[in-house]
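**Student:** Read off the chains here:
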Amino acid sequence: MATDAPLTEKSAERSAHPIAAIAVVAAIAAWAVPGLGHLLLRRWGRAAFLFLAVGGLALVGYGMRGEVFNTRSTDPFGELGFLADALSGAFYFLPRLLEAAGPDVSRAVGDYGTRFLAAAGVVNLLGVLDAYRIASGRKS
Amino acid sequence: MFGTGVHLSHFAAMVTFALCVSVAFACLGRQTLAGRIKYALLSLALFLVIGVGLAWLMYPFSK
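As they're listed, the protein sequences go chains A and B. For the first sequence, our numbering gives the first residue as 1, with consecutive numbering after it. For the second sequence, our numbering gives the first residue as 1, with consecutive numbering after it.
Chain B on its own, in the form it takes in the complex (with noise of 0.2 Å):
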């Protein structure tokens, strides 16, 4: 179906897999529709911060 794959570079990967799990997250978590929305944007917004955080963190020892 997909050929030879999906080509994702590693960002658009993290955010999609960010993505997924909060969603997730968010509709198993929360009752409420506005509840699920605002859970859903923390959680993608911790997922990223944290991400970007830690690949620069660990930057210096990539050399």
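Next up, chain A with everything else stripped away, as it sits in the complex (with noise of 0.2 Å):
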């Protein structure tokens, strides 16, 4: 009996490594494309109206031609935005086909789209964490 608790404790790790990996993998799938986790783990209605609510967001964002930060900022608050905008995965890589014209936030309508780019972001990062607690089993 007094063997058999170690060997119960390695096939539990053992067991708990693939959940691991699958978390991460669905995680990273999640970040990459919005509600790509979600299709993985057959969500398939979560994955879908993730995708619609990113994607909208996104591209009004870049309708409005908000601005897209990048990692050269040199103030904390573009070092924040270029974080939230670079959650919203494969969006953030769509501004020179999107807004050709570039960014202009002289008007008020610029500024709300830079918003709304960085809440696209913020909105895939509560995808990311969905993803992640439903595939490591915390969440059905």
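Derived from the structure by calculation, the hints contain no laboratory data. Hints may contain errors.
Claimed, not checked - Each pair of labels, with its calculated beta carbon distance range: (1) B:Leu57 to A:Ala32: 39 to 45 Å; (2) B:Ser62 to A:Ala48: 36 to 42 Å; (3) B:Gly29 to A:Val24: 33 to 39 Å.
What the hints assert, rightly or not - What the simulated footprint calls covered on chain A by chain B, stretch by stretch (three residues with Cβ under 8 Å from a Cβ of chain B suffice, anywhere in the stretch; the number is not a length): (4) 49-57; (5) 61-69; (6) 97-108; (7) 125-135.
Stated by the list, open to error - If you want a taste of the chain B side facing chain A, the calculated C-beta under 7 Å gives, among others: (8) Gly5; (9) Phe11; (10) Ala13; (11) Val15; (12) Cys20; (13) Val23; (14) Ala24; (15) Leu28; (16) Thr32.
Note that the Cβ used here is the ideal one computed from N, Cα and C, for glycine as well.
Bring the two chains, given one by one in their own frames, into a single complex with the hints.
**Tutor:** Following this line, the structure appears as structure tokens:
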């Protein structure tokens, strides 16, 4: 009986590793393409609505000519802006395609667009955390 | 793709933002379809009511 306990612990550790790996893969997929993490976990509705919500915010943000922050920001707000923008995954890399005229924050609408882009990233972060929790069995 | 940009009024921008965020909150926060619809509508309504309410509260300071 005394030897059973370590064996059980080892087998529990072994079985926990695939779950942790799946959770990390789901989280990375959820970041890369909004909704993809949920799609891999067969949460179809959640995946579709998350993609639409994040995609809608990002596309409208680009349409309003919001500013996309890059890694070369010199002030803390720019760094936070980059962090929020980069969290939207694939949508972060679309400004060259969707915002050919470049950002224009001289108008209020352009400033709103900047907020839309940041909100897309923050909403996607919620999706990443949700996908991670589902894959690790902490949420149904 | 969008040329010179999307032209939305301030209210239309607020409604679009509230709609997208409400849908995301609902699909992440509730499990059933009925629960999600109810949550999304409540969240959307609160976004709009609080947004317009705050705008009216700030209106005297804009002059």
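**Student:** Next, verify each hint and record whether it holds.
**Tutor:** Verification of the supplied hints:
no.	hint	in the structure
1	B:Leu57 to A:Ala32: 39 to 45 Å	holds, 41 Å
2	B:Ser62 to A:Ala48: 36 to 42 Å	holds, 41 Å
3	B:Gly29 to A:Val24: 33 to 39 Å	violated, 23 Å
4	49-57	holds (count 7)
5	61-69	holds (count 4)
6	97-108	holds (count 7)
7	125-135	holds (count 3)
8	Gly5	holds, 5 Å
9	Phe11	violated, 11 Å
10	Ala13	holds, 5 Å
11	Val15	violated, 11 Å
12	Cys20	holds, 5 Å
13	Val23	holds, 5 Å
14	Ala24	holds, 4 Å
15	Leu28	holds, 5 Å
16	Thr32	violated, 10 Å
The structure does not agree with the numbered hints 3, 9, 11, 16 stated previously, though it agrees with the rest.
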